Amino acid sequence: MPNDDGVVAALEGALERDPGNTALAVHLAELLLVAGRPAEALARCREVLAREPGHDGALAVAQQALGGERAGPAAAEPEPAEPEQEAEPATVVPLRVVDGGGGDDVDAEIERPTVKLEDVGGLEDVKRKLNTAFLGPMRNPGLRKAYGKSLRGGLMLYGPPGCGKTFVARAVAGELGARFTAVGINDVLDMYIGESERKLHELFQTARRNAPCVLFLDEVDALGQKRSHLRHSGIRGTVNQLLAELDNASSANEGVFVLAATNHPWDVDTALRRPGRFDRMLLVLPPDEPAREAILRLNLRERPLAGDVAPEIAKLAARTRTYSGADLAHLCETAAEAAMEASMETGELRPITAKDLGRALKETKPSTRAWFEVAYNYAMFANEGGQYDELLVYIKEHRLS
Amino acid sequence: MSGAGARADALVELGRHEQAADVLREAIAADPERADLHCRLAFALEHAGRHAEALAAAERAARQAPDWEWPHRLRAVALAGLGKAKRAVGAAEEAVRLAPEEAAAHEVLADSRLAAGDHRGARAAAERSRELDPSAAGPHHTLGDVALAQDRFGEAEEHYRRALELDPTNQGTLNNLGIAMLRWGREEQARALFERAAQADPADPVARTNLARTSRNHVNGVAVMTACAFAAWLLLKAVVAGALVPAAVLAGVLAAGVAVFVLRSRRRASRLSPATQMLLGDQPWWERIELTSWRPWWWFIPSPIWLLIAIGSFTGGMIEAFEAGWDATSIGVQLVLLAAIVVFARYSRLWLRRRGWISF
Numbered sequence: 000m001p002n003d004d005g006v007v008a009a010l011e012g013a014l015e016r017d018p019g020n021t022a023l024a025v026h027l028a029e030l031l032l033v034a035g036r037p038a039e040a041l042a043r044c045r046e047v048l049a050r051e052p053g054h055d056g057a058l059a060v061a062q063q064a065l066g067g068e069r070a071g072p073a074a075a076e077p078e079p080a081e082p083e084q085e086a087e088p089a090t091v092v093p094l095r096v097v098d099g100g101g102g103d104d105v106d107a108e109i110e111r112p113t114v115k116l117e118d119v120g121g122l123e124d125v126k127r128k129l130n131t132a133f134l135g136p137m138r139n140p141g142l143r144k145a146y147g148k149s150l151r152g153g154l155m156l157y158g159p160p161g162c163g164k165t166f167v168a169r170a171v172a173g174e175l176g177a178r179f180t181a182v183g184i185n186d187v188l189d190m191y192i193g194e195s196e197r198k199l200h201e202l203f204q205t206a207r208r209n210a211p212c213v214l215f216l217d218e219v220d221a222l223g224q225k226r227s228h229l230r231h232s233g234i235r236g237t238v239n240q241l242l243a244e245l246d247n248a249s250s251a252n253e254g255v256f257v258l259a260a261t262n263h264p265w266d267v268d269t270a271l272r273r274p275g276r277f278d279r280m281l282l283v284l285p286p287d288e289p290a291r292e293a294i295l296r297l298n299l300r301e302r303p304l305a306g307d308v309a310p311e312i313a314k315l316a317a318r319t320r321t322y323s324g325a326d327l328a329h330l331c332e333t334a335a336e337a338a339m340e341a342s343m344e345t346g347e348l349r350p351i352t353a354k355d356l357g358r359a360l361k362e363t364k365p366s367t368r369a370w371f372e373v374a375y376n377y378a379m380f381a382n383e384g385g386q387y388d389e390l391l392v393y394i395k396e397h398r399l400s
Numbered sequence: 000m001s002g003a004g005a006r007a008d009a010l011v012e013l014g015r016h017e018q019a020a021d022v023l024r025e026a027i028a029a030d031p032e033r034a035d036l037h038c039r040l041a042f043a044l045e046h047a048g049r050h051a052e053a054l055a056a057a058e059r060a061a062r063q064a065p066d067w068e069w070p071h072r073l074r075a076v077a078l079a080g081l082g083k084a085k086r087a088v089g090a091a092e093e094a095v096r097l098a099p100e101e102a103a104a105h106e107v108l109a110d111s112r113l114a115a116g117d118h119r120g121a122r123a124a125a126e127r128s129r130e131l132d133p134s135a136a137g138p139h140h141t142l143g144d145v146a147l148a149q150d151r152f153g154e155a156e157e158h159y160r161r162a163l164e165l166d167p168t169n170q171g172t173l174n175n176l177g178i179a180m181l182r183w184g185r186e187e188q189a190r191a192l193f194e195r196a197a198q199a200d201p202a203d204p205v206a207r208t209n210l211a212r213t214s215r216n217h218v219n220g221v222a223v224m225t226a227c228a229f230a231a232w233l234l235l236k237a238v239v240a241g242a243l244v245p246a247a248v249l250a251g252v253l254a255a256g257v258a259v260f261v262l263r264s265r266r267r268a269s270r271l272s273p274a275t276q277m278l279l280g281d282q283p284w285w286e287r288i289e290l291t292s293w294r295p296w297w298w299f300i301p302s303p304i305w306l307l308i309a310i311g312s313f314t315g316g317m318i319e320a321f322e323a324g325w326d327a328t329s330i331g332v333q334l335v336l337l338a339a340i341v342v343f344a345r346y347s348r349l350w351l352r353r354r355g356w357i358s359f
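These protein sequence lines are chains A and B, in that order. For the first sequence, the positions run 0 to 400 when numbering that gives the first Met the number 0 is used. For the second sequence, the positions run 0 to 359 when numbering that gives the first Met the number 0 is used.
For the record, the hints were derived by calculation from the structure and aren't laboratory data. As the structure is a computational prediction, the values presented were derived from the model and not from experiment. The C-beta atom is built at its ideal place from N, Cα and C for all residues, glycine as well. Keep in mind that a hint or two might mislead.
What the hints assert, rightly or not - Here's a subset of chain A near chain B, in silico, CB distances under 10 Å, partners left out:
1. Ile184
2. Asp220
3. Ala221
4. Gln224
5. Ser227
6. His228
7. Leu229
8. Ile234
9. Thr237
10. Asn239
11. Leu242
12. His263
13. Trp265
14. Asp266
15. Val373
16. Ser400
Stated by the list, open to error - What follows is a set of in silico ranges between Cβ atoms, one per label pair, in the way DEER data are often shown:
17. A:Val373 - B:Gln276: 16 to 26 Å
18. B:Gln188 - A:His397: 33 to 43 Å
19. A:Arg16 - B:Ala258: 54 to 64 Å
20. A:Arg318 - B:Arg24: 32 to 42 Å
21. B:Val335 - A:Lys361: 53 to 63 Å
22. B:Asp21 - A:Arg398: 33 to 43 Å
Construct the entire structure; sequences and hints are all you get.
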């Protein structure tokens with residue numbers, strides 16, 4: 000794991016300050032074992048066993064260190080309930096939650112994602128922040144305890160559309176070995192009064208029953224719209240229900256990790272941003288140049304390419320600044336369409352050429368520009384507590400205002 | 000209410016007008032006779048700024064239910080959006096005829112009449128709307144607009160403030176109150192109101208533009224800019240006449256004037272809010288040297304050039320009058336010319352604005 004060394008160092012520091020903390024020492028031993036440092040793990044276990052000869056955890060880790068058997072990270076918390084399914088790629092298990100009170104059933108698709116953060120191209124900053132602010136504490140209960148950090152609070156991903164917020168959320172579930180369920184506006188927006196609240200409650204209940212589970216609220220600006228903007232009591236009720244569920248999920252239901260994504264964070268009710276709810280925001284930006292190159296290569300991978308395309312891809316990546324992943328996919332699609340059209344005219348398969356890509360680039364404009372223009376105004380006039388400082392820096396650096 | 004209708008209403012409330020329109024189109028395809036669905040479609044399209052399509056949907060609804068007030072009200076709103084104010088008045092009057100106790104119909108009639116230039120009619124309709132629904136902010140806003148259009152700034156302020164009591168974050172009301180203050184010469188208050196309006200809806204460009212212009216006027220100030228333009232004119236005259244020493248002195252005066260201008264601008268800008276400072280910082284150089292309050296042909300000649308022309312023609316004329324021995328006719332002509340320049344510079348924008356050719 001990318002930040003394991005940092006975590007180990009932090010744990011060692013904590014142990015120096017509190018050498019009698021056996022739980023921390025055992026946890027450090029576990030991490031050292033996972034990091035492929037069994038000798039050091041064994042040494043830590045010996046120290047614990049010298050003080051408490053019958054310590055079960057230390058004995059277990061020592062046994063694994065001696066036997067070379069690799070232990071699961073951080074006592075496998077959260078532990079996947081059905082680890083044998085993890086090997087299957089994104090198995091979709093539709094769950095049906097039957098409501099006793101009548102009305103439609105709530106269908107929630109529960110996935111077990113196999114994607115990890117390392118599968119996410121680029122977004123290094125996002126991955127780093129996810130690891131330090133969210134995944135690290137999740138995976139390291141001992142460390143969390145040592146620093147008195149609670150599991151309360153969710154994470155809100157925001158940024159322009161098509162930049163991989165949903166994919167990141169899925170990868171977070173993969174990292175945690177948790178199930179994943181996504182909730183969108185259409186899942187709950189049935190405006191018979193009370194129906195939306197019931198559906199929302201059922202979706203949270205489904206996530207709780209399937210813990211560990213990442214509950215992903217897509218377009219959270221619609222589910223949690225600022226109540227001051229709303230006149231319709233039905234939607235206000237949905238927002239209130241969401242607040243109640245979040246409070247419930249964060250205190251009484253361990254193992255339900257609520258992530259949210261939005262293109263319009265400024266429309267999200269401020270109550271949702273209070274501590275214990277979505278108190279951390281993470282900006283998901285368009286891919287950087289290496290990531291763009293990787294995305295272009297991925298999208299062109301199974302298409303017939305002329306010899307002049309390979310050297311062109313890096314240049315294309317350099318010329319597609321602020322293009323989202325979706326824009327890049329569209330660009331490749333447009334180039335493929337042009338080549339296909341030419342093939343149909345001549346009756347011979349003509350591969351995609353660098354010229355096709357060049358033309359496609361002229362036709363495809365980055366869809367993120369409009370978002371940045373709007374976002375800039377909100378970042379200027381609604382930047383309470385500096386919440387959009389990072390966005391402002393990006394906009395200035397890329398001259399998007 | 001049907002499922003599709005309720006869903007569309009919710010989507011409109013969430014600001015997802017296109018999605019709402021899609022839901023409604025689907026429902027209309029299944030049940031094309033439903034006037035309420037056509038109305039909701041018109042409403043969603045109007046909010047999305049697609050006035051022509053909104054009008055078509057409202058007209059379909061009016062054909063389905065000619066005795067229902069809502070389709071006619073929606074027609075009026077769409078027609079006003081398309082700039083067809085007289086037809087909008089006709090549609091709104093029909094809505095009022097069908098539902099004389101409907102406050103919203105009177106409010107739309109007031110707005111349509113105002114757009115058509117009928118201030119008295121607009122006031123009467125807005126007052127009736129206010130009587131029917133005293134808790135609505137809209138009629139107060141419209142009454143403010145009527146007073147503003149007639150340059151009755153105190154009255155406009157009163158109406159807008161009442162509207163803001165009922166709807167404190169209405170971006171349009173905050174902005175219009177700012178305009179009233181600006182025209183009344185209360186620039187400080189106007190700037191504060193434009194800033195509040197921009198905060199209320201940062202996506203709306205109107206208040207942002209107004210805030211940028213008033214703040215730029217404040218930062219630049221007219222006195223130093225006029226002095227610089229005057230020095231530049233004299234410098235030009237001295238250079239043309241080959242008077243090198245006076246030219247050098249004037250160049251020094253001009254440089255000092257520019258330095259004072261820059262330093263004072265920076266000091267004034269530093270006292271503005273961070274958002275306004277950013278707004279000004281984003282302006283291109285030609286907007287940074289602008290002085291909107293002295294820009295009659297604002298789409299054509301930037302204000303420094305305009306000031307230069309005004310000062311140059313006046314001083315040139317006065318010099319000629321001096322050379323002619325202070326001939327009374329020449330002096331009179333020059334004074335008339337100066338008055339014409341000032342009147343044109345200060346009031347031609349007002350004249351253009353009243354005709355709806357410009358908005359600021």
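Each hint, compared with the structure:
1. Ile184: Interface hint status for isoleucine 184 of chain A: holds (8 Å vs cutoff 10 Å).
2. Asp220: Cβ of aspartate 220 of chain A sits 8 Å from chain B, so the hint holds.
3. Ala221: holds (5 Å)
4. Gln224: This hint holds: glutamine 224 of chain A lies near chain B, its Cβ roughly 6 Å from the closest one there, short of 10 Å.
5. Ser227: With a closest approach of 7 Å, the serine 227 of chain A hint holds.
6. His228: Result: holds, 8 Å to nearest chain B Cβ.
7. Leu229: holds (6 Å)
8. Ile234: Check passed: Cβ of isoleucine 234 of chain A comes within 6 Å of chain B, closer than 10 Å.
9. Thr237: Check passed: Cβ of threonine 237 of chain A comes within 9 Å of chain B, closer than 10 Å.
10. Asn239: violated (15 Å)
11. Leu242: violated (17 Å)
12. His263: holds (8 Å)
13. Trp265: Interface hint status for tryptophan 265 of chain A: holds (7 Å vs cutoff 10 Å).
14. Asp266: Holds. Min distance 7 Å.
15. Val373: Status holds, d = 5 Å.
16. Ser400: With Cβ-Cβ at 6 Å, under 10 Å, it holds.
17. A:Val373 - B:Gln276: 16 to 26 Å: holds (20 Å)
18. B:Gln188 - A:His397: 33 to 43 Å: Roughly 37 Å apart at Cβ, these two residues keep to the hinted range, so it holds.
19. A:Arg16 - B:Ala258: 54 to 64 Å: holds (59 Å)
20. A:Arg318 - B:Arg24: 32 to 42 Å: Because 38 Å falls inside the window, the suggested range holds.
21. B:Val335 - A:Lys361: 53 to 63 Å: Roughly 57 Å apart at Cβ, these two residues keep to the hinted range, so it holds.
22. B:Asp21 - A:Arg398: 33 to 43 Å: For arginine 398 of chain A against aspartate 21 of chain B, whose Cβ atoms are near 35 Å apart, the range 33 to 43 Å holds.
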